[in-house]
Amino acid sequence: MKISGSQMVIEALKKEGIKVVFGYPGGAIMNVYDAMYTNDFKHILTRHEQAAVHAADGYARVSGEVGVSIVTSGPGFTNAITGLATAYTDSIPLVVISGQVPITMIGTDAFQEIDAVGISRPCVKHNYLVKDVNDLPRVLKEAFYIARSGRPGPVHVDIPKDVSAQMGVFDYPKEISLKTYKPHTKGSVKQIRKAIEAICRAKKPILYLGGGIVSSNSSNLVREFTKMSGIPAVETLMARGVLGHDNPLLLGMLGMHGNYSSNMAMSEADLMIALGPRFDDRVTGRLDEFAKHAKIIHVDIDPSSIGKLVDVDYPIVGDLENVLIQMIEEAKDKINPDDYEGWRGLLKRYDEIHPLSYNENSDRLKPQWVVERIGEILGDKALVSTDVGQHQMWTAQFYPFSFPRQFLTSGGLGTMGFGFPAALGANKANSEKVSINITGDGSILMNIQELMTCVEHKIPVINIILNNNYLGMVRQWQTFFYDKRYAETDLSMQPDFVKLSESFGGIGYRVETKEEFDKALKDAISKKCVAMIDVVIDRLENVLPMVPAGGTLYNMMLEDKELS
Amino acid sequence: MNEIRKVISVIVQNEDGALSRISSLFAGRGYNIESLTVAPIPESEYSRFTIVTNGSKRVLEQITKQLHKLIPTYKVIDTSDVVEKEMVLVKIPLDGNLSGLDAILKGYNGIVANSTEDSLILMAVDDANRITNFLKIIKKFKPSEIVRGGSVSMEK
Numbered sequence: 001m002k003i004s005g006s007q008m009v010i011e012a013l014k015k016e017g018i019k020v021v022f023g024y025p026g027g028a029i030m031n032v033y034d035a036m037y038t039n040d041f042k043h044i045l046t047r048h049e050q051a052a053v054h055a056a057d058g059y060a061r062v063s064g065e066v067g068v069s070i071v072t073s074g075p076g077f078t079n080a081i082t083g084l085a086t087a088y089t090d091s092i093p094l095v096v097i098s099g100q101v102p103i104t105m106i107g108t109d110a111f112q113e114i115d116a117v118g119i120s121r122p123c124v125k126h127n128y129l130v131k132d133v134n135d136l137p138r139v140l141k142e143a144f145y146i147a148r149s150g151r152p153g154p155v156h157v158d159i160p161k162d163v164s165a166q167m168g169v170f171d172y173p174k175e176i177s178l179k180t181y182k183p184h185t186k187g188s189v190k191q192i193r194k195a196i197e198a199i200c201r202a203k204k205p206i207l208y209l210g211g212g213i214v215s216s217n218s219s220n221l222v223r224e225f226t227k228m229s230g231i232p233a234v235e236t237l238m239a240r241g242v243l244g245h246d247n248p249l250l251l252g253m254l255g256m257h258g259n260y261s262s263n264m265a266m267s268e269a270d271l272m273i274a275l276g277p278r279f280d281d282r283v284t285g286r287l288d289e290f291a292k293h294a295k296i297i298h299v300d301i302d303p304s305s306i307g308k309l310v311d312v313d314y315p316i317v318g319d320l321e322n323v324l325i326q327m328i329e330e331a332k333d334k335i336n337p338d339d340y341e342g343w344r345g346l347l348k349r350y351d352e353i354h355p356l357s358y359n360e361n362s363d364r365l366k367p368q369w370v371v372e373r374i375g376e377i378l379g380d381k382a383l384v385s386t387d388v389g390q391h392q393m394w395t396a397q398f399y400p401f402s403f404p405r406q407f408l409t410s411g412g413l414g415t416m417g418f419g420f421p422a423a424l425g426a427n428k429a430n431s432e433k434v435s436i437n438i439t440g441d442g443s444i445l446m447n448i449q450e451l452m453t454c455v456e457h458k459i460p461v462i463n464i465i466l467n468n469n470y471l472g473m474v475r476q477w478q479t480f481f482y483d484k485r486y487a488e489t490d491l492s493m494q495p496d497f498v499k500l501s502e503s504f505g506g507i508g509y510r511v512e513t514k515e516e517f518d519k520a521l522k523d524a525i526s527k528k529c530v531a532m533i534d535v536v537i538d539r540l541e542n543v544l545p546m547v548p549a550g551g552t553l554y555n556m557m558l559e560d561k562e563l564s
Numbered sequence: 001m002n003e004i005r006k007v008i009s010v011i012v013q014n015e016d017g018a019l020s021r022i023s024s025l026f027a028g029r030g031y032n033i034e035s036l037t038v039a040p041i042p043e044s045e046y047s048r049f050t051i052v053t054n055g056s057k058r059v060l061e062q063i064t065k066q067l068h069k070l071i072p073t074y075k076v077i078d079t080s081d082v083v084e085k086e087m088v089l090v091k092i093p094l095d096g097n098l099s100g101l102d103a104i105l106k107g108y109n110g111i112v113a114n115s116t117e118d119s120l121i122l123m124a125v126d127d128a129n130r131i132t133n134f135l136k137i138i139k140k141f142k143p144s145e146i147v148r149g150g151s152v153s154m155e156k
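Top to bottom, those sequences are chains E and Y.
Counting from 1, one number per residue, gives the positions in the first sequence under the numbering used here.
Counting from 1, one number per residue, gives the positions in the second sequence under the numbering used here.
One thing to keep in mind: the hints can contain errors.
Cut-off 16 Å, straight-line C-alpha distance, at most; resulting in silico cross-link-like pairs (EDC-like, lysine to aspartate or glutamate) [to be verified]:
1. E/K131 with Y/E15
2. E/K131 with Y/D16
3. E/K204 with E/D270
4. Y/K6 with Y/E155
5. E/K204 with E/E341
6. Y/K69 with E/D302
7. E/K203 with E/E268
8. E/K528 with E/E376
9. E/K308 with Y/E15
10. Y/K6 with Y/E45
11. Y/K65 with E/D311
12. E/K433 with E/E341
13. Y/K6 with Y/E84
14. E/K2 with E/D132
15. E/K179 with Y/E15
16. E/K174 with E/E16
17. E/K190 with E/E16
18. E/K227 with E/E329
19. E/K179 with Y/E45
20. E/K227 with E/D302
21. E/K308 with E/E330
22. Y/K57 with E/D311
23. E/K186 with E/D302
24. E/K15 with E/D171
25. E/K141 with E/D281
26. E/K348 with E/E268
27. Y/K65 with E/D302
Treat the hints as calculated values from the structure; they're not laboratory data.
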């Protein structure tokens with residue numbers, strides 16, 4: 001039996017177990033929307049294509065499944081690009097389907113025509129322009145397979161309108177094997193053995209935990225390995241929640257806004273065990289000074305990630321889950337946690353000298369207090385997303401994350417406007433938890449229209465705005481590095497966020513005291529409705545510690561007074 | 001860091017956009033392309049790219065890995081144990097003194113590929129660095145046009 005290309009899209013989504021898609025219709029994708037309508041397929045209409053892709057991304061980050069987004073050609077697709085680039089840099093599995101003008105019109109500068117695969121190429125794992133309806137089942141199967149296998153990432157499928165209208169046989173492959181794409185999954189036994197030997201020889205080893213642990217769902221194995229080895233660990237922004245905040249071996253987050261003991265541990269270690277990180281410049285600071293005393297073991301499923309920025313002594317290409325199982329097996333009876341007692345003691349003293357802290361030296365609420373308080377009230381009952389800037393770093397520093405996939409943040413691309421739609425998608429993946437978006441007064445306006453989506457679909461995202469009337473992180477850099485010339489960062493002009501939320505049908509609170517904050521948050525949780533809590537915070541609070549861009553991890557700005 | 005010249009061959013599935021995937025990888029990551037040639041491999045579903053590039057050791061390693069990471073890439077050959085040849089076409093006017101031309105052509109595996117009343121088209125095939133030499137020497141005949149073909153290579 002022949003079915004239309006658009007019908008094939010719906011059938012493929014069903015076969016892949018996709019329960020909900022996020023999107024926005026338009027001319028070139030109407031066939032697919034028509035098929036969705038007649039099939040009663042669950043679709044969330046966001047109010048902007050960028051938000052549709054971020055929502056699918058949030059869904060993917062929480063569920064571990066492939067997120068799906070559908071958009072139209074031309075501007076619909078160009079709006080989606082920021083979402084694709086965000087997912088690509090953070091290795092999030094997505095399939096984004098876009099409409100395209102009919103094949104007969106491609107190349108004629110037709111209405112809403114743009115070279116979509118040409119634009120998406122550098123920000124996706126792979127893309128397709130489907131020119132024959134008979135290729136569509138295979139292409140969709142490949143798209144899902146590529147998105148979720150190996151190092152995950154977004155895949156873009158561009159479908160011209162005449163292809164989605166054509167009839168063809170829906171022969172959906174059960175299994176797929178691509179001659180040209182075979183991700184390495186098993187690590188070399190020999191290399192793993194060598195790595196364990198290196199660990200046994202080390203006096204000051206450090207575990208450097210990255211986002212690959214989350215993608216490969218191997219947090220439990222990492223916890224096991226950490227416990228059996230007694231090796232202290234630092235997490236990257238993307239790995240928050242891997243060990244859990246109360247794990248005695250977790251030093252904290254490292255990097256530009258990492259805590260003192262984490263950065264010192266990295267600077268003094270004689271062996272780094274890097275599990276799925278990517279040596280981002282926000283983590284390493286000046287490269288030639290980064291962990292310069294350490295031999296490096298680097299495990300990653302993507303060979304291009306290994307040796308990209310630093311020379312690696314023990315490269316291991318493979319899926320972390322497999323590699324960790326082998327590492328744990330190999331390490332039994334060889335690694336003695338007592339060997340590192342002195343090292344752990346030293347790092348503990350570092351943490352006592354310079355703990356992560358802040359001053360309550362103002363009448364205004366401190367943003368760090370707000371984040372801690374959300375953590376006290378909600379803890380592991382929340383899924384926490386953020387936008388980008390100071391609030392993002394305060395959240396990463398002060399929220400007590402206790403499980404992987406609890407924290408959703410645009411780590412690599414740093415996309416303002418990510419948090420709200422991601423929280424919306426997160427709620428669709430798991431509505432048992434409270435979806436919190438900790439945001440800033442700059443970022444929140446970049447996808448504010450999603451208030452409407454949340455009201456329409458009764459998605460109770462609570463947006464907590466740490467409002468300092470500034471583009472805070474840029475302002476902070478201007479304070480430190482641009483002689484306080486606050487070029488275009490003053491956001492004194494602001495909407496009334498309470499009324500704004502109410503005008504969409506949500507609820508809003510403006511709070512200035514601790515009591516008001518508690519009351520507002522508890523009320524918002526109980527109302528189960530999209531909410532904005534506008535929190536007035538100390539305007540000039542800075543994110544500390546700080547390693548200036550290109551600086552060395554052991555040279556941190558620790559206190560504000562050193563800076564003025 | 002020391003810049004090293006390298007010839008890389010990439011076997012890629014024949015499909016729309018293969019060339020742009022490769023060229024935009026180089027452009028996007030700031031890698032150099034000295035020359036790039038591409039043609040389908042007979043009786044197969046693949047094309048062969050020969051790319052001459054240069055960079056530090058780390059960059060060259062990244063280029064190989066990034067090329068391999070492209071989904072349609074079947075194989076990346078970066079061994080230096082290859083035969084590398086390049087073809088060049090040179091048009092020279094017939095109004096000057098052409099003495100010595102024959103000997104030069106002979107030295108660089110060259111022939112006269114075409115002749116008209118007022119010009120000759122010479123063709124030479126040789127190692128890429130020898131083609132560069134050939135072009136230096138041929139300058140005295142005042143070439144009006146030069147077309148280099150880019151390197152092709154094959155593992156020994």
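16 Å limit on alpha-carbon distance, applied to hinted pair E/K203 and E/E268: The given pair, whose Cα atoms are some 11 Å apart, holds under the 16 Å limit.
Pairwise hint evaluation, E/E330 against E/K308, where the allowed Cα distance is 16 Å at most: Violated, at roughly 27 Å.
16 Å limit on alpha-carbon distance, applied to hinted pair Y/K57 and E/D311: 11 Å, holds
Holds or violated: E/K2 to E/D132, with C-alpha atoms at most 16 Å apart: 14 Å, holds
16 Å Cα cutoff - pair E/K227, E/E329: 14 Å, holds
Straight-line alpha-carbon gap E/K348 to E/E268, limit 16 Å: 14 Å, holds
Holds or violated: Y/K65 to E/D311, with C-alpha atoms at most 16 Å apart: 15 Å, holds
Given hint Y/E155 paired with Y/K6 - CA-CA distance at most 16 Å: 13 Å, holds
Pair hint E/K174 and E/E16, alpha-carbon separation not exceeding 16 Å: 10 Å, holds
Restraint check for E/K528 with E/E376, where alpha carbons must lie at most 16 Å apart: Violated - the C-alpha atoms of E/E376 and E/K528 are around 19 Å apart, more than 16 Å.
Pairwise hint evaluation, E/D302 against Y/K69, where the allowed Cα distance is 16 Å at most: Since the Cα atoms of Y/K69 and E/D302 sit roughly 8 Å apart, the hinted pair holds (cutoff 16 Å).
Proposed proximity, Y/E45 with Y/K6 (alpha carbon, max 16 Å): Distance of about 26 Å is beyond 16 Å: violated.
Checked against the numbered hints above, the structure breaks hints 8, 9, 10, 12, 17, 20, 21 and 25 and satisfies the rest.
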